[in-house]
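Enquirer: Chain by chain, the residues run as shown.
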Amino acid sequence: MRRIIAILLLIIVAMGISLTLAKIPFGTPKTKVGTHYIKEGIKQTGSDNIVTAVVVDYRAFDTLGEVTVLFIATIGLGAVLTAGAGVGTRKTQPASMVLYTGCRLLFPLILIFGTYTFFHGGGFQGGAIVASGFLLIYLGCRERRISQRAFILAASLGGLAFVVIGLLGLVFGSYFLLNFLPKSASNTLFSAGVIPIIYAVIGFKVGSELASIIDNLIEES
Amino acid sequence: MSFLDNYIYYIGAFGLILIGLYTILVKHNLIKVIIGLGILDTGVNLFLISVGYITKGTAPIFSRPGIDPEHMVDPVPQALVLTAIVIGVAILALALSLAIRLYQHYGTLNLRKIREQKW
Amino acid sequence: MVNPVLLIAVPLGSAFAIPLFALFRKDAVKYIPPVALGFNLVVALLLFGKVLENPVIVSIGGWRPPFCINLVAGPAGVLFSAIIALVGFLVSIYALDYIKEGPTEKYHMLYLLLLTGATGVVLTGDIFNLFVFFEILCISSYALVAYLGDKAGIESAVKYLIQGARFKPSAYRDRLTLRSIRHA
Amino acid sequence: MIFVASFLVVVMLVGAVAACIFRDLISAVIAAALVSLIAAILFYFLQAPDVAMAEAAIGAALTAAIFIIAISRTKRHEQ
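Going line by line, the protein sequences match chains Z, A, G and W.
Numbering follows my numbering, in which position 30 of the first sequence is assigned residue number 79; successive positions increment by one, without gaps.
Numbering follows my numbering, in which position 59 of the second sequence is assigned residue number 612; successive positions increment by one, without gaps.
Numbering follows my numbering, in which position 60 of the third sequence is assigned residue number 74; successive positions increment by one, without gaps.
Numbering follows my numbering, in which position 47 of the fourth sequence is assigned residue number 705; successive positions increment by one, without gaps.
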């Protein structure tokens, strides 16, 4: 009975999606907004990567909302897992020599690569790479832990920096999140004004939040 | 061939969305339901990206001089998907923490055995 | 010049500042939500007199409206944000004494972010931004439902989360339909 | 090119079905991670390198890790 209802529902959804699809054939030219971003983006923001320009400059307010969502998930996960739970620690076997040495060797390299990715690729990806470095540390060297409080503090510092950058734009140019720094020739680090700073802040914040999620989940297991 | 050319990405995204929804609706195990949510998310993201593609397009990055801006793919869906991926992992993590607490209270993850969760 | 973006930026910033503040005065954290929401109430009331004549539209990032996000503070939006700030202010005063169990610091953060999301939903003038604020509202309420960690709360949060996440694709589809309309 | 893409889409759909029907939750998680990985490759084919990087790092690696930690704290087999 459940299956029949589910399949009926799926058929309705499938019809809805395919009706939408019929209006948008594959491989056709872009929307007006996208064309404008591509034509004007490099002049207006100074960023070579148009996706970065859209994420961090044109629609930066959305990005602020999204990092807030991730922050809420981190805080909520901490609240849900700690509230009213008995703290029990399971015995864990120490990792083998190979794993331990490998993790210690790889961790700094992963951190450097993640930080490099903040500027050449994007903050979200870099943050995820940094968090996977912390995951490696939890797999290999269980005794090295960073306190939960430090992660939350790093995440909230990142968020606060984002809001403060936005408010500085409001002060200097009467627009929230205005790109108020001067823009120079492309292919230099600060060619895009405030964009690399915001992306580094996002990367820092995303990395510490994802690491905090892993830490919280692994805590009592 | 033109059928494959035109529709293969849409078929993939469509299939992922339907399989994800089926998993959410039919399975009894909470972790299975959450896996279904993840597959559904991936499908929706693939769908959005393939809507923004144009035939023989290049990535919207001015990585070398002389790239024709006319042939760049649409950057807007890519920006939306980039943030949607991060949101997806946030929701999955919250749902998993709720699943862990549910297991601590009831000792089972089977939604049919928990009185309040039946449908 | 009172800018409507302050209604969103100030509670958001103060929610992010709570862990920093807790470093110095852990017992005083609970006074941050009433202060931030009181500020919101004052700003909303100041704006209300202005928007009765003509609505205030601010763009974020300084571009023209189809290419950036704009906030539209019309009379209805400002009225609703004033109501949200008033109710939130009263509830946060009640919560000063009521919230004693659990990680109270996290409760105050989640509560402020919930009200930020609600204010954003009534003020925004962009469809995808509406979706983002709606998501902030939803996720913080899932976490607040499960806050105490008891049986009933966790169960209800699971139900709420799965029901909420199931309708995400339809929200995306609406967005696509809007895109195709704009495209035509 | 189009054949490679078609092959990957078929493998991805098989992986999704496998994630749906496996009784062992760890296997299901691995199948779901495979789906994410192939989706990342498809994003690259669709000229979205930023999204491909994010999906490979988050979807394939971190999500699978979070699921496996959560499964280790609950039950492994679906009953």
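What the hints contain is simulated information worked out from the structure, not anything from laboratory work.
Fair warning: this is a prediction, and the values are worked out from it, not measured in the lab.
One or more of the hints may lead you astray.
[Unchecked claim] Below, a list of computed lysine-lysine pairs in the DSSO-like style, where the Cα atoms sit at most 27 angstroms apart: (1) K72/Z / K609/A; (2) K72/Z / K92/Z; (3) K165/G / K733/W; (4) K88/Z / K609/A; (5) K114/G / K40/G; (6) K666/A / K173/G; (7) K609/A / K733/W; (8) K114/G / K64/G; (9) K165/G / K666/A; (10) K44/G / K733/W; (11) K64/G / K165/G; (12) K81/Z / K92/Z; (13) K92/Z / K666/A; (14) K81/Z / K666/A.
Enquirer: Evaluate each hint against the coordinates.
Expert: Each hint, compared with the structure:
Distance restraint check for K72/Z and K609/A: the Cα-Cα separation of roughly 21 angstroms lies within the 27 angstroms cut-off, and the hinted pair is therefore satisfied. Restraint check for K72/Z and K92/Z: not satisfied, since their Cα atoms lie roughly 33 angstroms apart, outside the 27 angstroms limit. For the suggested pair K165/G and K733/W, the alpha carbons sit about 19 angstroms apart, so the restraint of at most 27 angstroms is met. In summary, the hint linking K88/Z to K609/A is supported, as the alpha carbons are separated by about 18 angstroms, within the 27 angstroms threshold.
Restraint check for K114/G and K40/G: the C-alpha separation of about 13 angstroms stays at or below 27 angstroms, so the hint holds. With a CA separation close to 15 angstroms, the supplied pair K666/A and K173/G stays within the 27 angstroms bound. Taking the CA atoms of K609/A and K733/W, the gap is about 48 angstroms. The hint is violated against a cut of 27 angstroms. Only pairs whose Cα atoms come within 27 angstroms are accepted, and K114/G paired with K64/G is rejected, the gap being roughly 41 angstroms.
Distance check on the hinted pair: K165/G and K666/A sit about 14 angstroms apart at the alpha-carbon level, within 27 angstroms; holds. Proximity of K44/G to K733/W is assessed by CA-CA distance (about 39 angstroms); at most 27 angstroms being required, the pair is judged violated. With a CA separation close to 48 angstroms, the supplied pair K64/G and K165/G exceeds the 27 angstroms bound. Restraint check: the Cα-Cα separation between K81/Z and K92/Z comes to about 17 angstroms, which is no more than 27 angstroms; the hinted pair holds.
Of the supplied pair hints, the one linking K92/Z and K666/A is violated, its CA atoms being roughly 60 angstroms apart against a limit of 27 angstroms. Between K81/Z and K666/A, the direct Cα distance comes to roughly 52 angstroms. Violation of the 27 angstroms bound is thereby established for this hinted pair.
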